[in-house]
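**Student:** Using the hints provided, position chain B relative to the given structure of chain A.
Going down the list, the protein sequences come from chains A and B.
Numbered according to numbering that gives the first Met the number 0, the first sequence spans residues 0 to 293.
Numbered according to numbering that gives the first Met the number 0, the second sequence spans residues 0 to 338.
If you are wondering where the hints come from, they were derived from the structure by calculation, not from laboratory data.
In this text, a Cβ means the ideal position worked out from N, Cα and C, and glycines have one as well.
One thing to keep in mind: the hints can contain errors.
Stated by the list, open to error - Stretches of chain A that chain B covers, calculated by requiring three or more beta carbons in the stretch to come under 8 Å of a beta carbon on chain B:
no.	region
1	113-125
2	276-290
What the hints assert, rightly or not - To give an idea of the interface, some chain B residues facing chain A are shown, with a C-beta separation under 10 Å as derived from the structure:
no.	residue
3	Leu115
4	Gln125
5	Val288
Stated by the list, open to error - Here are a few chain A residues that sit away from chain B, every Cβ distance over 10 Å (derived from the structure):
no.	residue
6	Asp61
7	Ala77
8	Gly107
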Amino acid sequence: MEIFGIPHQAFLGQLMLGLVNGAFYAILSLGLAVIFGLLDIVNFAHGALYMLGAFAAWIALDSFGINYWLALIVAPLAVGVVGVLIERLLLKRLYGLDPLYGLLLTFGLSLIFEGVFRERFGVSGQSYPVPELLSGATNLGFMILPNYRAWVVLASLVVCLGTWFIIERTRLGAYLRAGTENARLVQAFGVNVPLMVMLTYGAGAALAAFAGVLAAPIVQVTPLMGSNLIIVVFAVVVIGGMGSILGSVITGLGLGVIEGLTRVFYPEASNVVVFVIMAIVLMLRPAGLFGKEA
Amino acid sequence: MSARSIRLISLLLLALALVAPYVGLYPVFVMKLLCFALFACAFNLLLGFTGLLSFGHAAFFGGAAYVTGWFIKAQGWTPELGVLAGVVGAALLGLIFGGVAIRRQGIYFAMVTLALAQMVFFLCLQAPFTGGEDGLQGVPRGSLLGLLPLGSDIVMYYVVLAVFVAAYLGIQRIVTSPFGQVLKMIRENEPRAISLGYEVDRYKLMAFVLSAALSGLAGSLKTVVMGFSTLSDVHWSMSGEVILMSLLGGVGTFFGPVLGAGVVIALQNMLADKVGAWVTVIIGAIFVVCVLAFRKGMVGELVGWLDHRRTRKATAGQGGATQAAHEARASEAQADITA
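Chain B with its partners taken away, still in its complex shape:
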């Protein structure tokens, strides 16, 4: 997909987002969507661009949510300081998690992050200041920098949108920078990166901390918007949800996580009152279907299809035979012993 078309789509989406409250979309819903889209983008930074699957990102999201909620409610901080505290907390947590988890790779890495996040869950369950099962309720929105009251949903919406756009551009900048290229190299061929002299573990840790901090930003924003933080923010099912958003949207793409978050949140919203526990089943089924047949996600499949069409049109003159032969060889290479 060319840079120009990406820019065009970004501008279109931004325009839509700017007018959203005035075209009938409920601001709180879109804000929630933006928070989770940011969460998914932050997660995608780690999975899509560095190749590390973390099953414990709920710890950063929910942890920051609790930190922000406590600082705003119990300490009376202004929202931007509360969010900052949440981000710093999430980054520190990311540093600790990363330091422990990066010692293993692949599957083990995922299991370690899951276990560490579960530890955070139990700590949040038992710590006195989190309110246990009830969570932190009634977190006031306050006034941004003490000047701009955030009580109005419309004002809050534009603030959240601004933060989201800034963070999104930040992630783009990270990914397209030399640092981001090293991350992609680590994803593609880690032994090669090591042999070229890169301190792979340091890069992975940096990516992990960045991803954790941005997830924390999403969680903190969510707390300010919704006014509460609960245990479901740190539960492992939240980790699973963000994985689903990335997977569904397209791991390693730019819009994918945003789209995936949109679909999942919208689905949950629509189905929540109607089907009760079936939401879990549906999410599980989407997981299964995605892994089996839809691994590139919505954006990935779309880009692949567009590329395929372009290649087909280009080779149509040279005869489809070469293309067909190439495809046949590619599918043969995928055959495995258990066929």
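Only chain A is shown next, with the shape it has when bound in the complex:
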């Protein structure tokens, strides 16, 4: 069967790949939105943290024999600690200043991380094996579904929905949201806001690292994997607006699918389609699709 002139397996296969990319966009833009909401900092280092997560998984396997499943927990924890350190030692000094300084600081951090890893590992990628449980593919009849990629989409959705649940439906999330609106007042009520801020950045870093571990078996684990991705994620965030969590997720997934479809029908544009959409959205609805500010 042909869909729009493409054999349906190819079409659905690209759709699947688009969903996988979209899942990464969703997790990363979610982390960015959470950090921006509470800290008012656009974390340019998010891509580097994603890269750190992938490398943590790789190093864990290569040097310590820690398998994929453990790495899914260990890597985000390790990178979360790095995030906490970054917040405590560096970002804390920038509160109250123009948020652009936060962008520049995290930009510098991303350069440092990338440079160090590039020096140590070079630019060619390290390969990370797909865990045995998830290798191979399932024949669904109308398409061949690669098991690992299906797992990536599933895990991402679970994590995104989990984050959404914590932020929107729990007491901790309520404190977080209150802290976003009026940190001083929340602190006056006795909530330890500095601790919350520190842990939020750590959690955002852990989210990025989780995406990195998920990505490790699919893409080449290279020091540059974060920087090209982060710019697309910025565009995703501008399109979606940083107002709502679900908005970031839906936008991320949607754009991933659109990018995948563009790759089928007009491959030359697949690199830039997200940016073109961003320009269009900015002309028509400057606050972003789900944004709240004017």
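**Tutor:** Chain B alone, transformed into the frame defined by chain A:
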């Protein structure tokens, strides 16, 4: 800093620049420095005087570099026409970018410019005439106006210096003009400017296009001097570098960007062969240190220190108590909830 001391320093620097090839400075190096200094000055026009952080200026620099390179190499244009084409191209690009980006403010503005510049990067990567990964190589210097051959580094140097001085004076003129005052007002208090009836978006767009055009001039000059344009000219790391030059030198000052460009280029030159990928780490570290402890940049900190000394000497007679009290209150006001 008084106008007289600024003039004095400018003349000193100009004198140094005029004799540079004869005191042992390698002309191509100084030319490269001048191009990037111009780039940083153009960027500073937008950041320092209008208060807009663009993370995509590489698109103007590199875009103009490619346009100029193509017109000179493939179409056989003379260098001044090629540079003109580059500047016009950059201005047009600035108009498009500005039209889209100015709809958002602050952080979003920066992200939008970054994304748009990345789009330009991919277009340059894929377009047939740019030579893809290899870039445009072997762009001849040609003859200025068809009369003055630019093959000699010394001749080229003085041409570039003349253009740089003209552009620098032009930027100074822009900044000190009524238009420039409006830009500074927008930087300091945009809502106030709007309430006073100024069409803020139009001014921002104008500043953006001017900044883009001058960045394009820098990129075009660079192509004529070095003879090639590559993808690294449009890569986001180039945008980051120009931000660093402005930040390091002093955002909103006149010499700051020039000094910052000098330091960064010199650093890259010195370290390139020795430390490889550590250059990126060092640049990142300088960013971090600048943002944390050195926000006013070299020139800004120097001016601040000189002013502080002058004020201290003036109030020394009245007793340092008032000065100390004033400083204590100022630092208290900076305390924040996360202390």
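**Student:** Would you mind marking each hint as holding or not holding in the structure?
**Tutor:** Here's how the hints hold up against the structure:
1. 113-125: As far as the region 113-125 of chain A goes, the hint holds, because 5 residues have Cβ atoms under 8 Å from chain B.
2. 276-290: With 5 residues in contact (Cβ-Cβ under 8 Å with chain B), the coverage given for the region 276-290 of chain A holds.
3. Leu115: This hint holds: leucine 115 (chain B) lies near chain A, its Cβ roughly 6 Å from the closest one there, short of 10 Å.
4. Gln125: holds (6 Å)
5. Val288: Constraint on valine 288 (chain B) satisfied, holds at 8 Å.
6. Asp61: Given a closest Cβ separation of 21 Å, the condition holds.
7. Ala77: The claim holds: alanine 77 (chain A) sits with its nearest Cβ about 21 Å from chain B, beyond 10 Å.
8. Gly107: violated (3 Å)
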